[in-house]
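S.K.: Given next are the chains, with one letter for each unit.
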Amino acid sequence: MTTVDRGLDNLAGHAGHHDEGSYLTPKYGPIATVWNWMTTVDHKKIGVMYLFAVLTMFFLGGVAALALRIELFEPTRIVDGTLTGAAFGNVDGASPASVGNLYNRIMTMHGAVMVFMFIVPAIPASLGNFFLPLMLGAKDVAFPKLNLFSWYVYVFGSLFGIASIAMGGVDTGWTFYTPYSTTTAGQPQVIAMVLAAFILGFSSIFTGLNFIVTTHKLRAPGMGWFDMPLFVWAVYATSIIQVLATPVIGITLLLLVFERVFQIGIFDPGLGGDPVLFQHFFWFYSHPVVYVMILPAMGIISDVITVHSHKKIFGYRAIAFSSLAIAAISFLVWGHHMFTSQGELGAMIFSFLTFFVAIPTAVKVFNWIATLYKGSITFTTPMLYVFAFLFLFSIGGLTGLPLGALSTDLHLHDSYFVVAHFHYVMFGGAVIAMLAGLHHWWPKMFGRMYNENAARVGCLLVFVGFNVTFFTQFFLGTRGMPRRYASYIDEFQLLHQISTIGSMILLAGFLVHLFTFLHSLFMGPKAPQNPWGGLTLEWETETPPIEHNFHHEPVVNHGPYDFDEVVPPGWDPKDYPLPEPAPEGASH
Amino acid sequence: MWTMAGINDFFIRVFFRHHADTPVGGLNGTDGLYLYIWWVSVFFFVLLMAIMVYCMVKYRRRPGKPAPRSPSHHTALEITWTVIPTLLLTVMFFWGFSAYLKIVISPPDAEQIDVTASKWSWAMEYPNGKTTTEFVTMGTNDNAPVFYVPAATPVQLRMTSTDVLHAFWVPDFRYKFDVVPNRYVPFSFTTLPLDHTGADPEVKSFIDKDGTEVFYKDHWLFCAEYCGDQHSEMQAIIRVVDPAYYRQWRDTPSYDETTPPIDVGKLVWSGKGCATCHSVDGSAGTGPTWLNAWGSPHTFTNADPMTQADIDADSLLWDNYIRESILVPGAKIREGFTNQMPSYDGRLTPVEIRGVIAYMRSLSDKNDGQEIQGFDELNSDGAEGEGGP
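Line by line, the protein sequences give chains A and B.
Quick note on our numbering: the first sequence kicks off at 49 and runs consecutively.
Quick note on our numbering: the second sequence kicks off at 161 and runs consecutively.
Hints were generated in silico from the structure; no laboratory data involved.
Be a bit skeptical, because a hint or two may be false.
To be verified - To give an idea of the chain B side of the interface with chain A (calculated C-beta under 10 Å), a few residues: (1) Leu-193; (2) Phe-205; (3) Leu-249; (4) Ser-258; (5) Ile-263; (6) Ser-321; (7) Pro-341; (8) Tyr-344; (9) Thr-509; (10) Val-511.
From a predicted model like this one, the values you see are computed outputs, not experimental measurements.
Even for Gly, the Cβ is constructed at its ideal location relative to N, Cα and C.
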């Protein structure tokens, strides 16, 4: 992949961007710089702002999770009801022994913040925003102002959601099941919370639209669809889901409001409605959204694994098409969240379709493992996170099998097994992949390296802590522990205590990462242009990228993963001996 | 025991504590499918991790040495690893579906028992109107009811909810179903016969008042669908007994015309879910305590207060207030509380409502000197012909 001056820039009156500085270089005084960031239409700055925002949400949701784990250390309730009113603006007034209340609100907070405010936008809006245009060789996304607007919508929606949880007392869990959500004391707040999810959904739609158009229209000259990095494919498939699925949560919200304001029976059985109908609406949106969370993660893994083993990805087209297949099938499996509440025919169809989504996922894992074969594997932090991902995501995927099969799911549904499975996929999959991507692209984003050994220690702690926390929960679930319990029978105590200890190890891992990143920002050595030897376009530009991304519009004349043919940009050919040329006619 | 059966037995015990207590949940049904999924998963996980670790060691980067050329695409291999999982998953689907059908299809001539779920308690009513009178401590629930069911006999529970969604889960049976308001949902089961040989350590026994040994096995019942504040207290015990003892137990009424009203009230308090929210010792709960409540003045958020003068003027004022609160819980809401209570209209007989009033009256220092009669006295009267551990 080389850049050629095609002279077109000059013809068009642009003088190229030869003298331009890094996008991070402040050009104004402190106040003007803040103003510059808040009104920027630069996808890189918006990506960094998203990164900061989603990590703040991750911190908030994580604190809530630790509070839950500490409460569950003992079978009885540690925090008694008298704290409830004081600590959390109790709408129930002085009803002092709503002892489940505080736990249930924190549980709702954890779920809603992590799902709607963290993990849905986490990868596409931060790393996607930053790297999608760079990887396509574009100067920005297709609609830069819409991009900034979506960030503000996201921030507004998040603040709105947190306010309605913290001040109102939403205790429904992140799923808002009717009739509980429409008949309990906190119902106006529930409407507020669903409204927040709706606002956040708009942010998703805007980002999705932006990425779809960017991918179609702004690819660099020479870049065909099958020359795109797999991260772009994954974000593209994600965007399609976001644009198509998100409106359904809006419709659901409208129906909830109609029911409440006009007393039309839609979901509330007291008015002649059907509570299970709400579950259909909810999961028609929320199941595809699960793939919004995991597809970009798969994209990161595809890219990171090739760069850090200098090996062409195995089965490029299979991975690209499986992303689209997953996006399509994800719309057809929502009913598997309702095996215990629907008729036999629906259960049969949804179980059958659910197994179909397992196949493209399995194919991706096989491809990643096959990519390692005859590679040149390094043990950098991003690569360690790829290994962690393959380990954890395999467990997450395999434990989905007894949840997809009908009779086994009737036992595991709504138990800790589901909690463990979900976290293995979402944390072991999406969050671990995000950490891989963050460590992979950190030098490019901020122009500084981090302390590799400290980051490796963090990775190890996260890996061990995660497994201790969540592997135990599989056994809690199969042995009979229902989810969303604030207290439990003594038989489950040992496993709960191990799980809580694991969550503390996990916390230690994240603290190590936090300090590594802060240390890197302020004291890290300057990063080279291409520290890992990547071949995709973001490594062609400077580190950190200049404001308009590239000095000249890049032209693509090789695939994104041709590690056996091309010396990585910025590398001395002496440091990168290419293998013997392939014999004539050999295909690979 | 290093046979395959022994190894499978080991894993079943690690996963589920012990084997399923229903034939459909056992090795020919759900547990068998678990083992199939388990071994498929172990095979693929070990295979993938072994290849990964092999590559990590064998193909680690060596300075100055490029990765050799190798194919990045192999059609036959890719078709193989798509087709084999597809076949294995197809087996999984059909196995799960056929086991599921055995679970959901109700057997003919089943003993039908009504289950009512409400925030936050379970109630079972037997065909002759019998309800349980036995309660145990289970986790943080001091008042978990014990429901008797016959062993090795088809039983169909006809479940409904008075308020929000709940779910009826007996882990030892290996399945659960959601309980939905305004609808009956079936839950059918047939347990294995009770083991009398001592081979199953969970089968226990007690000597009933006739001197015969009664075997029983207890199973946890949990609410598995989130239902609010005391979701985690919504638990009960399913006690499997031999059919003969079950019939004897079922046909002994919980109370009859000789039972004092206070005791009827106490049975209602513990058996119909009142105890979940209303304490009788003054401790705080979701609803107001019953201790010293009867006859005391109170203020309401949505109605005129009940003053001492009103109480003195009308001797049935409090009785009427209790009756109204049982049938229309939201009519008068005590200050400091929200209305979380489902209506008991149609769920309590007139005798039971009078019992509740008598019981609350007996708990008050404003009563006219009645004492609470305990269960022990009740048993010695023979009014309740039931033994029990």
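S.K.: All hints, please: hold or fail.
M.R.: To see whether the hints hold, each was checked on the structure:
Interface hint status for Leu-193(B): upheld, as the beta-carbon distance to the closest one in chain A is roughly 6 Å, under 10 Å. The beta carbon of Phe-205(B) is positioned within 10 Å of a beta carbon in chain A (closest approach about 6 Å), and the interface hint is therefore held. With a cut of 10 Å, the hint placing Leu-249(B) at the interface with chain A holds, because the nearest CB-to-CB distance is about 4 Å. The interface hint given for Ser-258(B) holds, since its Cβ lies 8 Å from the closest Cβ of chain A, which is under the 10 Å cut-off.
Interface hint at Ile-263(B): satisfied, since its Cβ lies 6 Å from the closest Cβ of chain A, which is below the 10 Å cut-off. A least Cβ separation of about 9 Å between Ser-321(B) and chain A falls short of the 10 Å threshold, and the interface hint therefore holds. Nearest Cβ of chain A to the Cβ of Pro-341(B): about 4 Å, under the 10 Å cut. The hint holds. Interface hint status for Tyr-344(B): violated, as the beta-carbon distance to the closest one in chain A is roughly 13 Å, over 10 Å.
The beta carbon of Thr-509(B) is not positioned within 10 Å of any beta carbon in chain A (closest approach about 24 Å), and the interface hint is therefore violated. Taking 10 Å as the C-beta contact cut-off toward chain A, the hint placing Val-511(B) at the interface is violated, the least distance being around 29 Å.
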